[in-house]
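There are 2 protein chains.
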Amino acid sequence: MNAEILCVGTELLLGDIVNTNATFIARGLAAMGINLFYQSVAGDNPERLKRALNIAKDRADLIILTGGLGPTYDDLTKETVAELVGKTLVMDQPTMESIEAYFKKVNRPMTESNKKQAMIPEGATVFENHWGTAPGFGVEADGKIFILLPGPPREMEPMFQASVVPYLARFNDHVFVSQNIHIFGMGESAVEETLRDLMIGLTNPTLAPYAKDGEVNLRVTASAPTEQEARAMIGPVIEQVKERIGDVVYTTEEDSLQAALVKALAAQGLTLATAESCTGGLLSSRIVEVSGCSSVFHCGVCAYSNDMKEQLLGVRHKTLKQFGAVSEQTALEMARGVRKLGGADIGLSTTGIAGPEGGTDKKPVGLVYVGISSPWMEKTIQLNLSRGQWDERNLIRYLAASNALNLALQAVKAKPGTIT
Amino acid sequence: MNAEILCVGTELLLGDIVNTNATFIARGLAAMGINLFYQSVAGDNPERLKRALNIAKDRADLIILTGGLGPTYDDLTKETVAELVGKTLVMDQPTMESIEAYFKKVNRPMTESNKKQAMIPEGATVFENHWGTAPGFGVEADGKIFILLPGPPREMEPMFQASVVPYLARFNDHVFVSQNIHIFGMGESAVEETLRDLMIGLTNPTLAPYAKDGEVNLRVTASAPTEQEARAMIGPVIEQVKERIGDVVYTTEEDSLQAALVKALAAQGLTLATAESCTGGLLSSRIVEVSGCSSVFHCGVCAYSNDMKEQLLGVRHKTLKQFGAVSEQTALEMARGVRKLGGADIGLSTTGIAGPEGGTDKKPVGLVYVGISSPWMEKTIQLNLSRGQWDERNLIRYLAASNALNLALQAVKAKPGTIT
Numbered sequence: 014m015n016a017e018i019l020c021v022g023t024e025l026l027l028g029d030i031v032n033t034n035a036t037f038i039a040r041g042l043a044a045m046g047i048n049l050f051y052q053s054v055a056g057d058n059p060e061r062l063k064r065a066l067n068i069a070k071d072r073a074d075l076i077i078l079t080g081g082l083g084p085t086y087d088d089l090t091k092e093t094v095a096e097l098v099g100k101t102l103v104m105d106q107p108t109m110e111s112i113e114a115y116f117k118k119v120n121r122p123m124t125e126s127n128k129k130q131a132m133i134p135e136g137a138t139v140f141e142n143h144w145g146t147a148p149g150f151g152v153e154a155d156g157k158i159f160i161l162l163p164g165p166p167r168e169m170e171p172m173f174q175a176s177v178v179p180y181l182a183r184f185n186d187h188v189f190v191s192q193n194i195h196i197f198g199m200g201e202s203a204v205e206e207t208l209r210d211l212m213i214g215l216t217n218p219t220l221a222p223y224a225k226d227g228e229v230n231l232r233v234t235a236s237a238p239t240e241q242e243a244r245a246m247i248g249p250v251i252e253q254v255k256e257r258i259g260d261v262v263y264t265t266e267e268d269s270l271q272a273a274l275v276k277a278l279a280a281q282g283l284t285l286a287t288a289e290s291c292t293g294g295l296l297s298s299r300i301v302e303v304s305g306c307s308s309v310f311h312c313g314v315c316a317y318s319n320d321m322k323e324q325l326l327g328v329r330h331k332t333l334k335q336f337g338a339v340s341e342q343t344a345l346e347m348a349r350g351v352r353k354l355g356g357a358d359i360g361l362s363t364t365g366i367a368g369p370e371g372g373t374d375k376k377p378v379g380l381v382y383v384g385i386s387s388p389w390m391e392k393t394i395q396l397n398l399s400r401g402q403w404d405e406r407n408l409i410r411y412l413a414a415s416n417a418l419n420l421a422l423q424a425v426k427a428k429p430g431t432i433t
Numbered sequence: 014m015n016a017e018i019l020c021v022g023t024e025l026l027l028g029d030i031v032n033t034n035a036t037f038i039a040r041g042l043a044a045m046g047i048n049l050f051y052q053s054v055a056g057d058n059p060e061r062l063k064r065a066l067n068i069a070k071d072r073a074d075l076i077i078l079t080g081g082l083g084p085t086y087d088d089l090t091k092e093t094v095a096e097l098v099g100k101t102l103v104m105d106q107p108t109m110e111s112i113e114a115y116f117k118k119v120n121r122p123m124t125e126s127n128k129k130q131a132m133i134p135e136g137a138t139v140f141e142n143h144w145g146t147a148p149g150f151g152v153e154a155d156g157k158i159f160i161l162l163p164g165p166p167r168e169m170e171p172m173f174q175a176s177v178v179p180y181l182a183r184f185n186d187h188v189f190v191s192q193n194i195h196i197f198g199m200g201e202s203a204v205e206e207t208l209r210d211l212m213i214g215l216t217n218p219t220l221a222p223y224a225k226d227g228e229v230n231l232r233v234t235a236s237a238p239t240e241q242e243a244r245a246m247i248g249p250v251i252e253q254v255k256e257r258i259g260d261v262v263y264t265t266e267e268d269s270l271q272a273a274l275v276k277a278l279a280a281q282g283l284t285l286a287t288a289e290s291c292t293g294g295l296l297s298s299r300i301v302e303v304s305g306c307s308s309v310f311h312c313g314v315c316a317y318s319n320d321m322k323e324q325l326l327g328v329r330h331k332t333l334k335q336f337g338a339v340s341e342q343t344a345l346e347m348a349r350g351v352r353k354l355g356g357a358d359i360g361l362s363t364t365g366i367a368g369p370e371g372g373t374d375k376k377p378v379g380l381v382y383v384g385i386s387s388p389w390m391e392k393t394i395q396l397n398l399s400r401g402q403w404d405e406r407n408l409i410r411y412l413a414a415s416n417a418l419n420l421a422l423q424a425v426k427a428k429p430g431t432i433t
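Note that the protein sequences, when read in sequence, are chains A and B. Under the numbering used here, the letters of the first sequence match residues 14 to 433, in that order. Under the numbering used here, the letters of the second sequence match residues 14 to 433, in that order.
Rather than coming from a laboratory, the hints here were simulated on the basis of the structure. Source: prediction; values computed, not measured. A portion of the hints provided could be inaccurate.
Because identical chains cannot be distinguished in the list, a pair is counted as satisfied if it fits within a single copy or across any two copies.
DSBU-like, lysine-lysine: derived pairs with alpha carbons at most 30 Å apart [to be verified]:
#: 1; residue 1: Lys-276; residue 2: Lys-331
#: 2; residue 1: Lys-129; residue 2: Lys-255
#: 3; residue 1: Lys-375; residue 2: Lys-334
#: 4; residue 1: Lys-225; residue 2: Lys-118
#: 5; residue 1: Lys-225; residue 2: Lys-353
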């Protein structure tokens, strides 16, 4: 079975929004082992939508559409698909009731046009929408499968997981299970070089890398008659990878460095405080992204000026004068200072030149120091994060925060008595 | 002239990366007044790429491709396009030299396969790549225009601005100029309702809204023989909009709330300090995104625990006990405390329940208080930022930070003696 994603919406053609729906669905299909050969986007124009739909029907077995299920006159996806496959739209009573219930819940009046959303092609399988009003559905016709989903990601994503994955599983006699190996501190080409024989040699499970925002992710995907069997096949591959590059694998479970760090801190009963200069709160913000961080994260200080570094964090005037704010000495004193201030086990700091202004020959844009202070480890690392790229201030800040998170994770693992 | 964007890359079909290139180019085309009717994505597979390219050639006058210009064997976009239009690839000497210079600059060895990147279809206009190795180019054939750009956004985006915009301007006898009116504190449907007559009535300039992350953006686009004439046509439309909804227009110049705030603070010689609970550093991080913020931003404190709110910010124990951490009283004391701590003119605070845990009947997920303290204004606002959506912790945090930035901007404007 090969698939095409067809996203409908003039706002995509105007560049007003980024098409994260295509990415989300693509990832979901890959996880199910369904080949995706094309993605396309058409606007809210019935003629051009029909043309795109015909092309998709011609080259794919499964067509997943998003958008154009709203209540207004320019929402035409449902009508266009129904016409193409010769199905009549009929009122679906349970859907009608759940739309009424939704409006009652959010305390807003239901309009006549919302009733249009309860019309479904005859014989379709309805996907309930608990996050908005437009239901999705799947319909089989002319030997093809059409799946229609609402456009807003906050409705589409949970509906895909709750309804589309089980719906499509019916067409698959195998289940696909994926697990990610997250790597920090080794570039994509080095990872590929080290593991090339596995990547080429393995067919089930498969092993595929991708790089993103300074990290490398290795996805292990196994296919088997049952989920349990598939999971059992993944474990040994993860072990093989860890044997070779275990020191740069930061997690095989969590989604992000910050989630892995929060989990590791909680497991050891350790607490953290952060002191930031160039990252300016991005480091603490990424930690606070993780629900439940409050048990391990005490406080963060963003001391952007030298005065604040002295006053709040106790960095010595002499240190700032002699070595400058961007120096390993300052990074270390910031980490020590915030650890004391927050009464935490670990103090973590960043200081650097994010640019585009402020660089010198000796201290160029991209120079960042990360510092850590704990009873069992004190350390600073020097980074040069500039890639000579356009508009890289926020990339430098992001990578600085990532390096700090990774250093803290290493410190937790290095704590005497810790079993990793 | 109508266009199609065709992005090439298996990583897009696997959902490994989000297709921000399509969004960026779509926006650029809209700004030039070029109709974009379709976007499509194909993988690194020559047969399917050729098929997608034929469809694009059939339905569009201008085809913009991204990706597949790299040095490796699976980078085939250039070869496929050249074959389709019957052009030979020839070595471009200046490109060869600039690739050599690039490798010298980044101090990495140049490989044989990089030489492939200097091969260009005969008669093409080369777009120099100052941010990587693969040049882009434009080529006219069979009455169509093909534009090929590298895949990495950090190469594609500056190349589009520096080379593609001027290249395409040759085909246009008019220039298009856009300016954005940024709105905070009024929903998209309310903006549409208030300005519907203008949106429908105006044809040049046009006025079009889009909503994103809790803000509404109105784009005014004028077309005229010269840029100066186009700019002159935009001004009166902005004035008309401001007359009606000027109180919610936060800027017509900057890109973001944080950029508008930093500029307003700098213009008044004012300084700011932030105290965050639920936003956890996101507020300060957004301010530090703005280059040059150091002259106005003193410090930020992320006091996630009650202890830290007392100890660092001087929130009274009694206040926390009587009203709780999520209360207008705590928000105000946090703002006062950080203002004093940072020696700043304005103290700005957030405290709330970002969820998914921690909500109660009285204080549900999404309840946020924003506080401000300055010599001329003290105020708190209560927000309910939950939309009952899936996975909204970070949306709530983002909207809380946006509301804080907007409140600070209002405070700067409200300072006695300020001319806005």
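Worksheet item: How would you label the pair Lys-225, Lys-118 (within, between, both, or neither) given a Cα cut-off of 30 Å?
Response: Classified as between; 24 Å across copies, 39 Å inside a copy.
Worksheet entry | Within, between, both or neither: Lys-129, Lys-255 at alpha-carbon 30 Å | neither (54 Å within a copy, 36 Å between copies)
Fill in: Intra- versus inter-subunit Cα pairing at 30 Å for Lys-225 with Lys-353
neither (35 Å within a copy, 41 Å between copies)
Practice prompt. Classify it for me, Lys-276 with Lys-331: is the Cα-Cα distance of at most 30 Å met within a copy, between copies, both or neither?
Written response: neither (38 Å within a copy, 33 Å between copies)
Worksheet item: Is it within, between, both, or neither for Lys-375 and Lys-334, if the alpha carbons may be no more than 30 Å apart?
Response: within (16 Å within a copy, 51 Å between copies)
Going through the hint list in order, the structure does not satisfy hints 1, 2, 5.
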